[in-house]
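Undergrad: Chains A and B are the protein sequences, given in the same order.
The first sequence begins at 1 in our numbering and counts up by one.
The second sequence begins at 1 in our numbering and counts up by one.
Everything labelled a hint here was simulated from the structure, so no lab data went into it.
Yeah, the Cβ is synthetic: ideal placement off N, Cα and C, and Gly gets one too.
Keep in mind that a hint or two might mislead.
[Stated by the list, open to error] Per label pair, the in silico range of CB-to-CB distance:
no.: 1; chain 1: B; residue 1: 22; chain 2: A; residue 2: 8; range: 45 to 51 Å
no.: 2; chain 1: A; residue 1: 135; chain 2: B; residue 2: 410; range: 29 to 35 Å
no.: 3; chain 1: A; residue 1: 61; chain 2: B; residue 2: 442; range: 57 to 63 Å
no.: 4; chain 1: A; residue 1: 141; chain 2: B; residue 2: 40; range: 50 to 56 Å
[Said to hold, decoys possible] Output of the computed footprint for chain A on chain B, the stretches with three or more beta carbons under 8 Å from beta carbons of chain A:
no.: 5; region: 94-100
no.: 6; region: 339-353
no.: 7; region: 399-406
One letter stands for each residue in the lines below.
2 protein chains.
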Amino acid sequence: MREPIFLPLDQPELETDLAGGVVRRTVHPSGLRVLTERMPSARSASIGFWVGVGSRDEQAERDDAPGSLGSTHFLEHLLFKGTPTRDAYSIATSFDRIGAEHNALTAKEYTCYYAKVRDADLDGAVTVLADMVTNSVLDGDEFEMERGVILEELAMAADDLADVANERFFEAVMGDHPLGRPIGGHPETIRAARRDDVDLHYRDRYDPTTLVITAAGAVDHDRLVERVLEALNLSPQERWHTDRDGTPVRRVQGEGRIDSTSVDASADQTPSASSVPGLSTGAAGTGNAEPSVHITARPSEQVNLLIGTEGLRSNDPRRFAFGVMNSVLGGGMSSRLFQEIREKRGLAYTAYSFGASYSDAGLFGMYAGCAPEKAAEVVELSRLELQRMAETGITDEERERALGQIAGSSALALEDSDTRMGRLARAELGSGELYDLDASLERFAAVTGDEIRSIAAELAARPLTIVAVGDTSRAEL
Amino acid sequence: MREPIFLPLDQPELETDLAGGVVRRTVHPSGLRVLTERMPSARSASIGFWVGVGSRDEQAERDDAPGSLGSTHFLEHLLFKGTPTRDAYSIATSFDRIGAEHNALTAKEYTCYYAKVRDADLDGAVTVLADMVTNSVLDGDEFEMERGVILEELAMAADDLADVANERFFEAVMGDHPLGRPIGGHPETIRAARRDDVDLHYRDRYDPTTLVITAAGAVDHDRLVERVLEALNLSPQERWHTDRDGTPVRRVQGEGRIDSTSVDASADQTPSASSVPGLSTGAAGTGNAEPSVHITARPSEQVNLLIGTEGLRSNDPRRFAFGVMNSVLGGGMSSRLFQEIREKRGLAYTAYSFGASYSDAGLFGMYAGCAPEKAAEVVELSRLELQRMAETGITDEERERALGQIAGSSALALEDSDTRMGRLARAELGSGELYDLDASLERFAAVTGDEIRSIAAELAARPLTIVAVGDTSRAEL
Chain A
1 MREPIFLPLD
11 QPELETDLAG
21 GVVRRTVHPS
31 GLRVLTERMP
41 SARSASIGFW
51 VGVGSRDEQA
61 ERDDAPGSLG
71 STHFLEHLLF
81 KGTPTRDAYS
91 IATSFDRIGA
101 EHNALTAKEY
111 TCYYAKVRDA
121 DLDGAVTVLA
131 DMVTNSVLDG
141 DEFEMERGVI
151 LEELAMAADD
161 LADVANERFF
171 EAVMGDHPLG
181 RPIGGHPETI
191 RAARRDDVDL
201 HYRDRYDPTT
211 LVITAAGAVD
221 HDRLVERVLE
231 ALNLSPQERW
241 HTDRDGTPVR
251 RVQGEGRIDS
261 TSVDASADQT
271 PSASSVPGLS
281 TGAAGTGNAE
291 PSVHITARPS
301 EQVNLLIGTE
311 GLRSNDPRRF
321 AFGVMNSVLG
331 GGMSSRLFQE
341 IREKRGLAYT
351 AYSFGASYSD
361 AGLFGMYAGC
371 APEKAAEVVE
381 LSRLELQRMA
391 ETGITDEERE
401 RALGQIAGSS
411 ALALEDSDTR
421 MGRLARAELG
431 SGELYDLDAS
441 LERFAAVTGD
451 EIRSIAAELA
461 ARPLTIVAVG
471 DTSRAEL
Chain B
1 MREPIFLPLD
11 QPELETDLAG
21 GVVRRTVHPS
31 GLRVLTERMP
41 SARSASIGFW
51 VGVGSRDEQA
61 ERDDAPGSLG
71 STHFLEHLLF
81 KGTPTRDAYS
91 IATSFDRIGA
101 EHNALTAKEY
111 TCYYAKVRDA
121 DLDGAVTVLA
131 DMVTNSVLDG
141 DEFEMERGVI
151 LEELAMAADD
161 LADVANERFF
171 EAVMGDHPLG
181 RPIGGHPETI
191 RAARRDDVDL
201 HYRDRYDPTT
211 LVITAAGAVD
221 HDRLVERVLE
231 ALNLSPQERW
241 HTDRDGTPVR
251 RVQGEGRIDS
261 TSVDASADQT
271 PSASSVPGLS
281 TGAAGTGNAE
291 PSVHITARPS
301 EQVNLLIGTE
311 GLRSNDPRRF
321 AFGVMNSVLG
331 GGMSSRLFQE
341 IREKRGLAYT
351 AYSFGASYSD
361 AGLFGMYAGC
371 APEKAAEVVE
381 LSRLELQRMA
391 ETGITDEERE
401 RALGQIAGSS
411 ALALEDSDTR
421 MGRLARAELG
431 SGELYDLDAS
441 LERFAAVTGD
451 EIRSIAAELA
461 ARPLTIVAVG
471 DTSRAEL
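Work the whole structure out from these sequences, hints included.
TA: In structure tokens, the structure reads:
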């Protein structure tokens, strides 16, 4: 079996063949990392500036302090607002005039600023992104203006009931764990946010040791490294402002973090709900206990349902078994959930299952939107399908279909340079293990029926959380 | 200047060089058309079965008949439900087991069934798509089940206030024109739909003369044509069931269609609201008249606003001027609407403008979602920006940026085989004129400042429609 490529931090230069491309990485003495994957026939490139800080790193509200929920996302917005040499309009124009696909995103464990551009435009994009990310002035007036924009962004999300359900689901499953918090914060925390606190967050967290620059497509590694160092005003030996020792940050299981409790590093232990510490789980291993039901009443035509429980960490070796199981359970039109809920009964337009994984916790969920009167039936059908999976696993035919689906969809996804650009960054910021397509397909193919039943049984045995958002007055939940 | 490639219908075999690929077309004696664009380095292909029938072709409700609104979309769903040799599960599995990106969409003037697959999977996808599209059994039980699914799809759309605003905007601007109707129908028409009517729609409308098969990426034209004919059980000379004379259907301005009035073919005439017949316009050329305001009250955090008027037909020669104007007005972060509404005032998270064009009519709109109390201000800002554009046009710098944006974003979009696959089909089903990237960029570059001012002046002079959906009790509209 092909091993994943491990990206050791003490190796400043690394080059390795991946199926479909060559991956190279340079670690600068400051800790800054640049990774590229050249795609031979590409005429465009995707580039991302990734910072290893996300909403989970924010300070939660406490009795003696207002907390800073939403400050990472607020900061992401502010980085578009200007540097000493570029105002907001100039930054916007830089991307628009080359027709770049560009944006930024704040996640729970990282923040990313990215652009997809024609090959000839890559150097220019690097210059602007580097300036934005490292030299933002966080102007006070712009701060106030952006507060209004972010409040509108939260208002927009609050009007999207599927979005609301998703936030509630994270809160309900994760409890007080920092991963349970909303990425954007709450309107109250945004209204209370102060420029100096966000500035502190910026100075404290944006640092060469947390910055990872990845690019894929029509990119030349040496040239990109040169441009990056130039744009960041770094000589090959010089260090950008940092008080740290230049050791890059990786988010590894077991490392203490703000607000997180100590973490059990053994992911192979006997499954139980308590295997993910820091979560408020209630009774462990009690799949037959009453599920906890979280209802948000809103006028609506449909009720948005999420049914699930704690899932797997990013590096859980059982993630390959989970992937095959998830494909069969809820990964397409032929999946069991889609067939049982939509095709056989016409109860919903969409029904699927998913996993979300982070360094020290994860969650598993099943989603459907349906008429309020049918909500109880859809919840019951979903539970039964998970239970059936736990008891009887999958058939050989389903297994073959799942492996084909994973192989085909992965191959199609990897044709886009942005997928490869993101894969590099998540590996580098995460465990440092990079699975190329063939290596990961071999892992999926090696999954046994017992492993699939076992992971389903573990999920089915965990306390179930049900989130319903919509006109729940007619739903018997 | 490079001319567009015209695809004459009396020429059964056609091959032409496009920038970036070779386009070939075969017209079968039955009227069936197959078009391909080979992309040299592609490892995957996108294939679409396009039928030249859309929601505009449905029978509207009348005193003596219930109408068939939503039947085209209902039919699209039913084609996934089975043929004499493939049941619904088998169809779903065919796509899932190769990890295809596949779906179908019903639009106002066409219906499309498509898949993106790895090169080795293309033949298989053709076989299944051909069977689905031409041999559906429209089973009565499946029909009833799918009625529930479609009602849930409509319920989901009804909960999405931006979606609701979009439907209202089409209705309000287009009036009784068939393009003003909702693609999915209404819950009442779906509840009233009868299997035999949808079957009639299928027999009547799905025909070799309305079917266009397009593919792009890793595709060999001759092989594809062979597969298609084999899958459709057609010899190179034989005709698939049709009573027509085998003349392919193109949706051209001036051709009579169900419910549409006669159309003035001169798109170059002096701009006025009455230049798009079939629309209920009110007073023409009265930009200073009171706009017509359409309010849909819903509990919400944001009000979804659409402000606009009639726009351009697909083939309007002024569409290149409109494209440049639209880029400057509302086509990116540096656009005027984004700057004025979001960046300078923090009133909205999103603000943009757009055009939607059809064979004999079109519309132009400006969108923003904002706090109810700010709705009147956002509407006024949008009107003012359109007015300013009409009076003073754009600067040289804006023009350069717009051309760069159009060139860059088009080049990036055309890297995806699905974009090219769709471009072929829209050209073939529309006017038969195919602009490759260079030819269309030359058109954009040739646009003069006067033309931009002129198209903006025309839009600004038309009666304005304002649609607001959300908690409008606090909005002074």
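Undergrad: Run every hint past the structure and note whether it holds.
TA: Hints and how they fare:
1. 22(B) / 8(A): 45 to 51 Å: At 47 Å between Cβs, range holds.
2. 135(A) / 410(B): 29 to 35 Å: holds (32 Å)
3. 61(A) / 442(B): 57 to 63 Å: This hint holds: roughly 58 Å between Cβ atoms.
4. 141(A) / 40(B): 50 to 56 Å: holds (51 Å)
5. 94-100: holds (count 6)
6. 339-353: holds (count 10)
7. 399-406: It holds, with 5 qualifying residues against the three required.
Every hint from the earlier list agrees with this structure, and none is contradicted.
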